[in-house]
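Chemist: So the protein sequences, as listed, match chains Z and E. Residue numbering for the first sequence follows the working numbering, starting at 1 and increasing by one per position. Residue numbering for the second sequence follows the working numbering, starting at 1001 and increasing by one per position.
Honestly, the hints are just simulated from the structure, not real lab data. Any given hint might turn out to be false.
Covered stretches of chain E, as calculated for chain Z (at least 3 residues, CB under 8 Å) [claimed, not checked]:
hint, region
1, 1056–1064
2, 1074–1087
3, 1147–1154
Here the structure is a predicted model, which is why all the values come from computation and not from measurement. Ideal Cβ placement from N, Cα and C applies to all residues, glycine included.
There are 2 protein chains.
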Amino acid sequence: MSGYELSSRFEASVGSTWSAGHSQIYPELVRLAADGLVEAGEPGPRGRKTYAVTAAGRDAVQAWLADTEPDRTVRDEAALRTFFLWLMTPEAARDHVQDELDAAEQSLDGLRLLAARRRPATPAERSQRIALEAGLRTTQARVGWARWALERLDDQAGRDDHPPG
Amino acid sequence: MSGYELSSRFEASVGSTWSAGHSQIYPELVRLAADGLVEAGEPGPRGRKTYAVTAAGRDAVQAWLADTEPDRTVRDEAALRTFFLWLMTPEAARDHVQDELDAAEQSLDGLRLLAARRRPATPAERSQRIALEAGLRTTQARVGWARWALERLDDQAGRDDHPPG
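For reference, chain Z alone in the conformation it holds in the complex (with noise of 0.2 Å):
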């Protein structure tokens, strides 16, 4: 596979999960074949460099998959974000949750295509699918929460126009 096809299928599959852009896979496949992690294949069309899993590549993955616990640090910018909406005007609210209502329904599209692309057949596969409905169902309900959110926003400047009396 090509740094390019590695990175297009990343962006496609494991990309709701990790980003990475292209200038990063490239300076990790020279560090990941230095350390015999993948090598060197046949060149590929138009002498692109191709690169291929090695037996010690694939006992790294394992061990850090059967290493510890994840890292569960959350870094979520937009999210945070939201509880600073009482420091931004009503507009600039207003247009925070739009863009995240924006980012996640685009979002979903973009999962939802990937599901209906076809039935998962290999073993990686399936287990593409299960990690594929994470991604639906939590971004479903970034979706839910910003239609609510704006509700409630709008609730709220309404409120503040007409104070009860």
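We have chain Z; now place chain E onto it with these hints.
Modeler: Quick look at chain E alone, frame taken from chain Z:
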């Protein structure tokens, strides 16, 4: 507010969107004070240092909120591991999903306690309630996903034990 109080309140509010340990809070307060974004107040009980946000500090938060798009980089190691269930033994795969279920249920319990605590009264509390709702809904979705995934893994294991024919 003392560093200890800040750390506790951080954990109980934005903690579901951004991880920060006690060990990070104190040096960060020193840095913020050096930059004039917080200032030392009257010593608290037992001579504890206390800090209050300055006008410049609040301006800095508002500048951050008004600034550009939030960083939507995703780093969810637990979700990433799910793509590799097929490289685990069936027992390890089930354990991974069960751990996800346990973590999500524990997180959901904490968020529900927070939501039940009191009716939001101030603008800050209303924003917190909206942010909390995002946590409640996505965490509920993770609980639902993990239960679904356990059933699916058990179905697959059952099919592997008794191939059709």
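Chemist: Hints first: check each against the structure and report whether it holds.
Modeler: Each hint tested on the structure:
Only residues whose beta carbon comes within less than 8 Å of a beta carbon in chain Z count, and the region 1056–1064 of chain E has 3; three or more means the coverage holds. Residues of the region 1074–1087 of chain E with a Cβ under 8 Å from some Cβ of chain Z number 14, which satisfies the need for three, so the listed coverage holds. Judged by the Cβ-Cβ criterion of 8 Å, the region 1147–1154 of chain E is covered by chain Z as claimed, because 4 of its residues qualify and three suffice.
Going through the hint list in order, the structure satisfies each hint without exception.
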